[in-house]
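Please build the complex by placing chain B on the supplied structure of chain A, with the hints as guidance.
Spelled out from the first residue to the last, the chains are:
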Amino acid sequence: MTTHPLIIVEGLSKVYSSGATGSVRAVDNISFDMVRGETLALVGESGCGKSTTGRLLMRLIEPSEGTVQFDGIDFMSLSRRELKRERRRLQLVFQDPYSAFNPRMTAESIIAEPMLLAGASASDRRRRVVELLPLVGLAAHHASRYPHQFSGGQRQRIGIARALALRPEFIVCDEPVSALDVSVQAQVINLLVDLQQKFGLTYLFISHDLRVVRHIADRVAVMHLGRIVELADKKTLFADPQHPYTRLLLSAVPQIRPTVQTTPLRAVSGEIGTPASESGCRFVGRCPHAVDVCHSVKPQLRQFASGHQVACHLVATAETTK
Amino acid sequence: MTPATDHELSPVLRKRDAPLLRVENLSVAFHAPNGPVRAIEGVSFEVPAGKVLGIVGESGSGKSVTALSLLRLIPSEIAEISSGSVWFGGRDLTKLPERELRRVRGREIAMIFQEPMTSLNPIASVGTQLREPMQLHLGIKATEASRRAEELLDLVGIPQPRKRMMQYPHELSGGMRQRVMIAMALSCEPKLLIADEPTTALDVTTQAQILDLLRSLQNRLGLSIILITHDLGVVAQFADNVQVMYAGRAIEQAPVSEIFRQPAHPYTQGLLKIVADLEAECERLSSIEGTVPAPYELPPGCAFAPRCSLSDTACTGSPPPLSPISPGRRCACVRPAGFPQIRASA
Numbered sequence: 001m002t003t004h005p006l007i008i009v010e011g012l013s014k015v016y017s018s019g020a021t022g023s024v025r026a027v028d029n030i031s032f033d034m035v036r037g038e039t040l041a042l043v044g045e046s047g048c049g050k051s052t053t054g055r056l057l058m059r060l061i062e063p064s065e066g067t068v069q070f071d072g073i074d075f076m077s078l079s080r081r082e083l084k085r086e087r088r089r090l091q092l093v094f095q096d097p098y099s100a101f102n103p104r105m106t107a108e109s110i111i112a113e114p115m116l117l118a119g120a121s122a123s124d125r126r127r128r129v130v131e132l133l134p135l136v137g138l139a140a141h142h143a144s145r146y147p148h149q150f151s152g153g154q155r156q157r158i159g160i161a162r163a164l165a166l167r168p169e170f171i172v173c174d175e176p177v178s179a180l181d182v183s184v185q186a187q188v189i190n191l192l193v194d195l196q197q198k199f200g201l202t203y204l205f206i207s208h209d210l211r212v213v214r215h216i217a218d219r220v221a222v223m224h225l226g227r228i229v230e231l232a233d234k235k236t237l238f239a240d241p242q243h244p245y246t247r248l249l250l251s252a253v254p255q256i257r258p259t260v261q262t263t264p265l266r267a268v269s270g271e272i273g274t275p276a277s278e279s280g281c282r283f284v285g286r287c288p289h290a291v292d293v294c295h296s297v298k299p300q301l302r303q304f305a306s307g308h309q310v311a312c313h314l315v316a317t318a319e320t321t322k
Numbered sequence: 001m002t003p004a005t006d007h008e009l010s011p012v013l014r015k016r017d018a019p020l021l022r023v024e025n026l027s028v029a030f031h032a033p034n035g036p037v038r039a040i041e042g043v044s045f046e047v048p049a050g051k052v053l054g055i056v057g058e059s060g061s062g063k064s065v066t067a068l069s070l071l072r073l074i075p076s077e078i079a080e081i082s083s084g085s086v087w088f089g090g091r092d093l094t095k096l097p098e099r100e101l102r103r104v105r106g107r108e109i110a111m112i113f114q115e116p117m118t119s120l121n122p123i124a125s126v127g128t129q130l131r132e133p134m135q136l137h138l139g140i141k142a143t144e145a146s147r148r149a150e151e152l153l154d155l156v157g158i159p160q161p162r163k164r165m166m167q168y169p170h171e172l173s174g175g176m177r178q179r180v181m182i183a184m185a186l187s188c189e190p191k192l193l194i195a196d197e198p199t200t201a202l203d204v205t206t207q208a209q210i211l212d213l214l215r216s217l218q219n220r221l222g223l224s225i226i227l228i229t230h231d232l233g234v235v236a237q238f239a240d241n242v243q244v245m246y247a248g249r250a251i252e253q254a255p256v257s258e259i260f261r262q263p264a265h266p267y268t269q270g271l272l273k274i275v276a277d278l279e280a281e282c283e284r285l286s287s288i289e290g291t292v293p294a295p296y297e298l299p300p301g302c303a304f305a306p307r308c309s310l311s312d313t314a315c316t317g318s319p320p321p322l323s324p325i326s327p328g329r330r331c332a333c334v335r336p337a338g339f340p341q342i343r344a345s346a
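Each protein sequence line maps, in turn, to chains A and B. Residue 1 is where the first sequence starts when you use my numbering, and the numbers rise one by one after that. Residue 1 is where the second sequence starts when you use my numbering, and the numbers rise one by one after that.
Because the hints were derived from the structure by calculation, they are not lab data. Mixed in with the good hints, there may be bad ones.
Quick list of in silico lysine-lysine cross-link-like pairs, DSSO-like style, CA-CA up to 30 angstroms [said to hold, decoys possible]: (1) K235/A - K273/B; (2) K163/B - K95/B; (3) K191/B - K95/B; (4) K273/B - K198/A; (5) K234/A - K298/A; (6) K163/B - K141/B; (7) K273/B - K234/A; (8) K198/A - K234/A; (9) K198/A - K235/A.
So that you can see chain A by itself, here it is in the shape it has in the complex (with noise of 0.2 angstroms):
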């Protein structure tokens, strides 16, 4: 393996113009690395631009600025036809499996769709799903019945093997288990893991629940209205969390410990805003540390110590030059 990232993506942007009230920075300057086989966790609350984090990166949504190499393909320079080709090797999962899937179809049709878009002759197709279903744990019975025939989880079972039919390399899980009740989390969470040591798979996953990254993410990516805040290793990032809003997710996690005190910082947990001013801190409003330079310094995101990167003014920073 070597340590050339699958993915590097830089300073990618997403501006929605918005009338009368001007702009929105729905994701706002991000630049991270993948390697091969890793998982990197995108967290963050509705809103803050995870899910079109990862549509940006499979160029379903068009950025504004910044650029995305996939495997040294420069994805942004792709001709329509060939980012057709080369977007196979990339694949979604999504929240909620039962709208993202037509009525219908049988689970049989659905698996085998992107095989039909990519011209695979129906045996082909069909040798390739009976492969599948086991893989996802699904009984080849399953492959005649329609979506709302099956649970929640064992739908989400055939969104997976949906995006596994041909043969990706790195899959954007965008909430993947969100809907799903806590038993049948950890399910399809210890299948995803299963999968991804099978196939040698890089996931960028996408939630708002800290709890469910723990147990599947190498890093972990905070991102706040548009910007990564917080960026280590799953390790750092729980033991030692740098960044004011990380600390505010990881007090919200619910805990079976009915003794546990939440933390002070709760009381101050007001809403997510909307990203208007675009000089200072996006967190100020929330911030109980925040001082004068916040509301008017951008803070950037830089390292802290050996691959822990916070966008803080108050996290003093490592004497590095990046």
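Quick look at chain B alone, frame taken from chain A:
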């Protein structure tokens, strides 16, 4: 009228005063082409005044059917209460005429749902929707209702209530909508609030805020709450007592601290292990393999037996009854873990 079989009904925590709500042996069946299908069977529990009962279970466990049936909110063309009673304020809600029941709904018992967007009316302003139950139930004038609506929005932590009154549901975030739902539910000062997965559709941070809000309102207003959830982690922070449901039956009832210290039913143990694993640093999550059986394919014995690593021939005869295992605790398993076997005498 008092129930004749009171001695059989001693669910969780029967000390102190009479419970606000007492559900006895409730069974609900859905109409199906091939005859009725049992959705819940023989469910009994109590909610003492000012306490929170958490009802926990997976999809298909019957927890939402239980909640909806308390107020007879499932249309009679779809399902019917085949047996049992719901005692509230000296009346059996299962027998109450529809007209009288409508005075209980929203007035004495209010309900909030998982998805506030589908529960709110998309073409009515927040103010209109907040005023409606008060004008209907309390018979107050629109101006008075508006004044109270603003107070309620303030109570549930919505800034600029006057401005919000004029807005429509689509202009609000998920957390804001759920706050509006809670304000609406509290508008007629109910004694009991039924919250069906109130935070499941929300971000973890918003979930924490909504739970904090419900907790503080409960303390301040002396509310009783039934909280329905699939997440034991939510229950741990919030409930006084817990009822775990599986395939339409209550399989364990206990005070919250005890159920986390020593879960008795293998299913409860499995659920707890998953949540504990989620919180811990571990390689592989434990899981309960398989899924909840559908109501029309229940095994003859314990419904959990096919997924249970401890099951044997004793589990396949008939469903084990929910029996006392220690003071304040009941479990429906032939051998509850860590408890001496107290078999229900015939």
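Now for the hints, and whether the structure bears them out:
1. K235/A - K273/B: Roughly 21 angstroms separates the two Cα atoms, so the pair holds.
2. K163/B - K95/B: Since the Cα atoms of K163/B and K95/B sit roughly 43 angstroms apart, the hinted pair is violated (cutoff 30 angstroms).
3. K191/B - K95/B: holds, 20 angstroms
4. K273/B - K198/A: holds, 26 angstroms
5. K234/A - K298/A: holds, 26 angstroms
6. K163/B - K141/B: holds, 20 angstroms
7. K273/B - K234/A: holds, 22 angstroms
8. K198/A - K234/A: OK: K198/A and K234/A at ~22 angstroms, within 30 angstroms.
9. K198/A - K235/A: Measuring from Cα to Cα gives roughly 24 angstroms; hence the hint holds.
The structure fails to meet hint 2 from the earlier list, while all remaining hints are met.
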